[in-house]
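Sequence lines, in order, name chains A, B and C.
Under the numbering used here, the first residue of the first sequence is numbered 129, with each subsequent residue one higher.
Under the numbering used here, the first residue of the second sequence is numbered 129, with each subsequent residue one higher.
Under the numbering used here, the first residue of the third sequence is numbered 129, with each subsequent residue one higher.
Hints may be right or wrong, so weigh each one.
Copies of the same chain are indistinguishable here, so a pair counts whether it falls within one copy or spans any two.
Only pairs whose alpha carbons sit at most 25 Å apart, straight line, appear in this in silico DSS-like list of lysine-lysine [as the list claims (entries may be wrong)]:
#: 1; residue 1: K187; residue 2: K211
#: 2; residue 1: K448; residue 2: K381
#: 3; residue 1: K187; residue 2: K209
#: 4; residue 1: K211; residue 2: K482
#: 5; residue 1: K187; residue 2: K381
#: 6; residue 1: K345; residue 2: K448
#: 7; residue 1: K476; residue 2: K444
#: 8; residue 1: K345; residue 2: K444
#: 9; residue 1: K482; residue 2: K381
Please keep in mind that the hints were generated in silico from the structure rather than gathered at the bench.
What follows is each chain in one-letter form.
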Amino acid sequence: MVASELKAPPAANDTMFTLEQLAQQFGGEIVGDSACCIRGLAPLESAQPQHLSFLANPKYLAQLETTQAGAVLITRADLLKVKNRGARSFLVAPNPYAYFARVAQCFAAAQQLPALPGIHPSAVIDPSARIPATASIGPHVVIEANAVLGARARLEAHVYIGQGVTIGDDAHLSAQVTVYHGCTLGARTRIHAGAVIGADGFGFAPDFKGDTGEWVKIPQTGAVVLGDDVEIGANTTIDRGAMSDTVIEHGVKIDNLVQIAHNCRIGAYTVIAACAGIAGSTVIGRHCMIGGAVGIAGHLTLADRVIVTAKSGVSKSLSKPGVYTSAFPAIENAAWNRNAALMRNLDKMKARLKQLEALILTSQNK
Amino acid sequence: MVASELKAPPAANDTMFTLEQLAQQFGGEIVGDSACCIRGLAPLESAQPQHLSFLANPKYLAQLETTQAGAVLITRADLLKVKNRGARSFLVAPNPYAYFARVAQCFAAAQQLPALPGIHPSAVIDPSARIPATASIGPHVVIEANAVLGARARLEAHVYIGQGVTIGDDAHLSAQVTVYHGCTLGARTRIHAGAVIGADGFGFAPDFKGDTGEWVKIPQTGAVVLGDDVEIGANTTIDRGAMSDTVIEHGVKIDNLVQIAHNCRIGAYTVIAACAGIAGSTVIGRHCMIGGAVGIAGHLTLADRVIVTAKSGVSKSLSKPGVYTSAFPAIENAAWNRNAALMRNLDKMKARLKQLEALILTSQNK
Amino acid sequence: MVASELKAPPAANDTMFTLEQLAQQFGGEIVGDSACCIRGLAPLESAQPQHLSFLANPKYLAQLETTQAGAVLITRADLLKVKNRGARSFLVAPNPYAYFARVAQCFAAAQQLPALPGIHPSAVIDPSARIPATASIGPHVVIEANAVLGARARLEAHVYIGQGVTIGDDAHLSAQVTVYHGCTLGARTRIHAGAVIGADGFGFAPDFKGDTGEWVKIPQTGAVVLGDDVEIGANTTIDRGAMSDTVIEHGVKIDNLVQIAHNCRIGAYTVIAACAGIAGSTVIGRHCMIGGAVGIAGHLTLADRVIVTAKSGVSKSLSKPGVYTSAFPAIENAAWNRNAALMRNLDKMKARLKQLEALILTSQNK
């Protein structure tokens, strides 16, 4: 029983595109040699003549004078600022970074082994599950009853799919991902290893008299619904809802080790960086950016286009777009401790200030 | 080889209880129609006549006037405040929320597929392990030598049970859970997917001379002991002790992505929200509530009934019950930065204040 | 198919060393009975006559007077301070704690079942993978094409090894670990359960016009390279680089639930405590100590021997060794809230102070 049963032969490593081919596929205007051959991508500082590079920020214009890149993606405005174009060719486009990403995807696709369709013999699949012939099911995958997979869905080794889960076309789940029963994953969902979708939300009703009693578990009967084009990082956890669903709208990107509690709704295109945690029933708008290790309390509403900087804590709803912060940068420990001790006595400092103001007022009125 | 080998036929979805049946099982007094049929549960705002709802907080009394719920769980005190009871029936109980949770469990149990006893043929089980006939062992589970499972223990797909692990009756471990050798899990333990119980604590002795040397690993020879009725969230990690055990007492509930380091002891009924981290050898009392993303330093002792609010850091022992905090709420970035810069110079502000006080004192004494 | 196929018979539990044997193996000078038999290790307060204990910190000297330990590891300087040596023997060494750790490793090795070499029949291994005869491959392990394992490498149940991964001699990966394609693990790498090495870094180029558009994924074509003697905790995630590699140098020790983003470099012997997160492209020096739940922003450089205390956030490069902090300790909630509100108005307090200073200056000049 071999893992390679599902693999195509190794891809060629000599992928190449001319600037003209790229412009035909992705648009943009060529300034220079349209027959210029691109064999890979690289940042300006390390690019060689066979590489395509990009200038996304005019502050790196100086690097353009010295880069060895054969061609550079650039905006029209920035190209006008280039003094010495040298032998370099340019691909002029309004968003060089996004263009670069799309070309990089072409190279990556050409150099990657595609997953061949088929079901590895070690997989354990309930006969009621619907697996299209184009799907690729890796070794030791487990798929429970009534699950439905989309075309070309790819489940890598050890993935667990619970009862009645629905997975969209072209979804790709890495090794050891768990999807609990009843959850729905949109088209092109990408989930990295170890992520857990649909575990029980954390809900218990206290029933204590003094020291005795118990936490009574509230059954979590909702599920998780992921829209299309959602990406979820390694070991991230998204809990199922208590009575209704936890919803991640289309185009949301979530990094590693993020916690999203039950009944949250994350608006379309929002990005959430690693180690963030969002408590239950909070609704986050569209196009938000949640920084790394941010914590957001439960039952809040964040407007569209809210940005929360890394390590901040949000404890009230934020009704306007904008940038929000509550984190301090680390400084030398001794200086920090000196000031932190004063911070805990600001009320006393304020009282002294008030007293002084009164004293002066009195002395001036004399 | 099919996953469904261990599954019962689908449960009926037309579960129904009369108020009288509920009162017989869970107590409480019926005010209204004891034959009222309950087919499900819902919050006040979305409940329909076939639903049971609950009022746990008198601030939602207004919703009672308009809810479509057929019956409502309520305290006697709150029922007296209801002006217009309409056609609704009431179930009067001292703790409506806990009552609601117990009824919800009834519905959930009736609507869920029970796990059938048996061992999936793909499981790999050491012959010295003791597996009762009532246990349910899912596909690709691995159980090492001398492990002992309780009655009706349920291990879902890909669970790994190390050597000599003991698991109590009615324990339920979701997919991809790892339990290292020698750990003990109490009755009704519930562990969600990806959690890791008993990995090595983080212990190394530094042995360096200048730039060379090594961190010498300290073998972690203790284990993890979980009491009865402990629930552990997805991808949470609880490390084994260095020379003695890490202990989680009965009734503790732990959310997702929580880290509990070696040799901690968590007192009975304490709850720990997601993303919290507790460093080594810290002892937390009973009935504590540790908020999300809280960090607690090592070698501390927290009294019973301590509450630490979300995102706070605890660096000293807390000997009295109470609520403790060290987190700031996020505000607009510009305002935050302006004040944060001043916070790092509080010592200078204090010095200026002191100088002013001296000046005034001098001028008054003239 | 039984898990025990790969296990040796249980080890004896009566391991014993004389002080002389220990001194021969690990050095140090015996003061007392060199034939003293050591059957285990224990801390001073619970040690019995058959135990070896250690004094690493002179503040515990008082415990030496009362300990029941048969022998104690101690520095020469501390031994001179012991008033009543009693019947105890001493092993004098410059680093008692590291010595203790090494002896503990001896006992642990003697009492542990060694993993027998061999491949469990349920493992799925590509025929192009190179697995030495001395390796131990557990149940349900999956190894993809062209992976290369070192001598005595040990992969426990459900480990997933991607294409072209290279693993050094004596590496040991616990259950459910995932290593993505192309990553390299050094000799004696130790990875705990659920860790994910080499998932995609979090990189997307925004391409929006108003509300429509998409995040364009930037292919993560680098890998992760771990040096020798690296230990990685449970459920920790280390992302692959975007165009170049993420690098963890030799001797680095990383705790549980840590996130290391793409293109980071962690210098040799640095230790990172649980729940820390390090954003992309940050370079951390050698011999650093990163506390629990610390967050470090992207594209920073931290010098060698930087210490960041627990829960702090680093948002600027730190060019000098030293201890850095930005975390507050939790205090009573009411006092905290009172002062936190003032903190958000420090700018107003400063303005009042300035006004007072001006007033006094004016009144003095009259």
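With identical chains treated as interchangeable, where does the CA-CA distance between K187 and K381 reach 25 Å or less: within a copy, between copies, both, or neither?
neither (28 Å within a copy, 37 Å between copies)
Within a copy, between copies, both or neither: which one fits K187 and K209 at a CA-CA cutoff of 25 Å?
Cα proximity of K187 and K209: one copy only (11 Å, versus 64 Å across).
Given a CA cutoff of 25 Å, do K345 and K444 count as a within-copy pair, a between-copy pair, both, or neither?
Neither way: K345 and K444 sit 27 Å apart in one copy and 32 Å across, limit 25 Å.
Have a look at K448 and K381 and pick one of within, between, both or neither, based on CA distance no larger than 25 Å.
within (22 Å within a copy, 36 Å between copies)
Intra- versus inter-copy proximity for K444 and K476 (alpha-carbon distance at most 25 Å):
between (27 Å within a copy, 23 Å between copies)
Give the relationship of K482 and K381 under a CA distance limit of 25 Å: within one copy only, between copies only, both, or neither.
neither (50 Å within a copy, 47 Å between copies)
Tell me, please, which holds for K187 and K211 at an alpha-carbon limit of 25 Å: within, between, both or neither?
within (14 Å within a copy, 68 Å between copies)
Under a CA distance limit of 25 Å, which applies to K211 and K482: within one copy, between copies, both, or neither?
neither (61 Å within a copy, 50 Å between copies)
K345 and K448: within-copy, between-copy, both or neither at 25 Å Cα
Cα proximity of K345 and K448: none, with 36 Å in one copy and 28 Å across.
Hint check: violations occur at hints 4, 5, 6, 8, 9; the rest are consistent with the structure.
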